[in-house]
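Enquirer: So the protein sequences, as listed, match chains A and B. Position 84 of the first sequence, counting from 1, maps to 88 under the working numbering, and the rest follow consecutively. Position 8 of the second sequence, counting from 1, maps to 471 under the working numbering, and the rest follow consecutively.
If you are wondering where the hints come from, they were derived from the structure by calculation, not from laboratory data. Beta carbons are placed, not taken as given, at the ideal position from N, Cα and C, and that holds for glycine. Heads up, some of the hints might be wrong.
[To be verified] Taking CB as the label site, the calculated pair distances span:
#	chain 1	residue 1	chain 2	residue 2	range
1	B	S543	A	T68	43 to 53 Å
2	B	S543	A	E59	43 to 53 Å
3	B	E519	A	A86	29 to 39 Å
4	A	S28	B	E519	18 to 28 Å
5	B	K481	A	E21	25 to 35 Å
6	A	A86	B	V515	33 to 43 Å
[What the hints assert, rightly or not] The list that follows gives simulated cross-link-like pairs (lysine to any residue, SDA-like), each with its CA atoms no further than 20 Å apart:
#	chain 1	residue 1	chain 2	residue 2
7	B	K516	A	Q97
8	A	K106	B	I523
9	A	K74	A	R45
10	B	K476	B	S543
11	A	K30	B	L504
12	B	K518	A	K30
13	B	K520	A	G99
14	B	K518	A	A98
15	B	K520	B	Q548
16	A	K106	B	S550
17	B	K520	A	T100
18	A	K106	B	K476
19	A	K30	B	R507
20	A	K106	B	M551
21	B	K518	A	Q97
22	A	K106	B	G503
23	B	K466	A	G44
24	A	K106	B	D575
25	A	K106	B	P502
26	B	K466	A	S43
27	B	K516	A	G99
28	A	K106	B	T549
29	A	K106	B	K466
30	A	K106	B	R507
31	A	K30	A	L52
32	B	K466	B	G503
33	A	K60	B	Q569
34	B	K520	A	L52
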Amino acid sequence: SQQGEEDPQALSIQEGENATMNCSYKTSINNLQWYRQNSGRGLVHLILIRSNEREKHSGRLRVTLDTSKKSSSLLITASRAADTASYFCATKQAGTALIFGKGTTLSVSS
Amino acid sequence: DVKVTQSSRYLVKRTGEKVFLECVQDMDHENMFWYRQDPGLGLRLIYFSYDVKMKEKGDIPEGYSVSREKKERFSLILESASTNQTSMYLCASSVPWDRGFSSGNQPQHFGDGTRLSIL
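Isolated chain B (complex conformation) (with noise of 0.2 Å):
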């Protein structure tokens, strides 16, 4: 089974701090997505890596950056954390989507998310 980790479930963290959120996936996949959860919005995607050192701005990137060093790794970094940041953040992961018409039918894994407050 797939299993997407990320490092905490709970983290309570002040306003201007830099706060870094990891996610670590064990299928060796090349996708790896962060999406902010917020009542009334759904799932809204902020980054999205394809390949290491690769990354692409979602829908509201604005406030974050990310970092892929290394494959299984995708860490999702608030550089000066304010209080419309506090939210449940979910990381996810998947094979490409460039192999072909079968590689697209496939799910995105997910982690059980970090509930992030900002106070």
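Only chain A is shown next, with the shape it has when bound in the complex (with noise of 0.2 Å):
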């Protein structure tokens, strides 16, 4: 059951730059996560906005949450090398699991 799908899929910046990734979901939510995922490992947990934020901040993060359209942006400001990864949002709802998305691959070239 894949709630939150991202996009764009893949996405190409120069070093710099600010690359700005959309979640959109179909259901209700308690809140929403973004997770990095760094090719062949694990994923890392980046930051959880609840359904009654409107935007959240962390270091050169920002994420926004608009229930009404089910949407959330990821937002990172001033883009480095080492931020290439893929990037997934999560959507929560009462009594289950993280509903993983198919995720945003970022590349950041220098």
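Hints are included, so try docking the two chains, each in its own frame, into the full complex.
Expert: Pasting the structure below:
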């Protein structure tokens, strides 16, 4: 049961540019989370936004949530080569496990 | 820091073998999860467990079973491995969801994955 869907599937940018990834989902949620996965490794939690929040910041990350449109965006400012990874959104409903999207692959070239 | 350890990074097994993937977490988390990750399909939940000896099917449990005899350890078992079970397997843990709204707002912590090849 795929809930979140990221867009675009792949994104290539230069170092210093901003990267924006979007996530759309289908049903009501408790919270939405973003994870990063470096090649061949496990997922690392980046940021969580609750359903009653609209925007959240963590360092160079900015997440927005629009529950009326059932969508979220992840903005990475001033991208670095080390940000090259796959990024997944995951939605949390009451009493269920997280449901992950298929991910956006970000490539940052120097 | 939470540490989720998967016993093998890479594993090669033969069709028909019984395969055990082990996962251990050190944060006393009640919830543990097994996912498989395939290109173009993202992460799909196989099984999860919310307590010792408890288990719930995820989206793709067929061909798999799990065991949770101790709180810190969650094992995934491929009863008779097949080539279509070649995949990256990821284990995760988290606090329980039933301690109120705030506890539901906690991340899942992942291991580094086991890349399993069935020949």
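Enquirer: Which hints from the list above does the structure break, by number from lowest to highest?
Expert: Structure breaks hints 5, 7, 9, 12, 18, 29, 32, 34.
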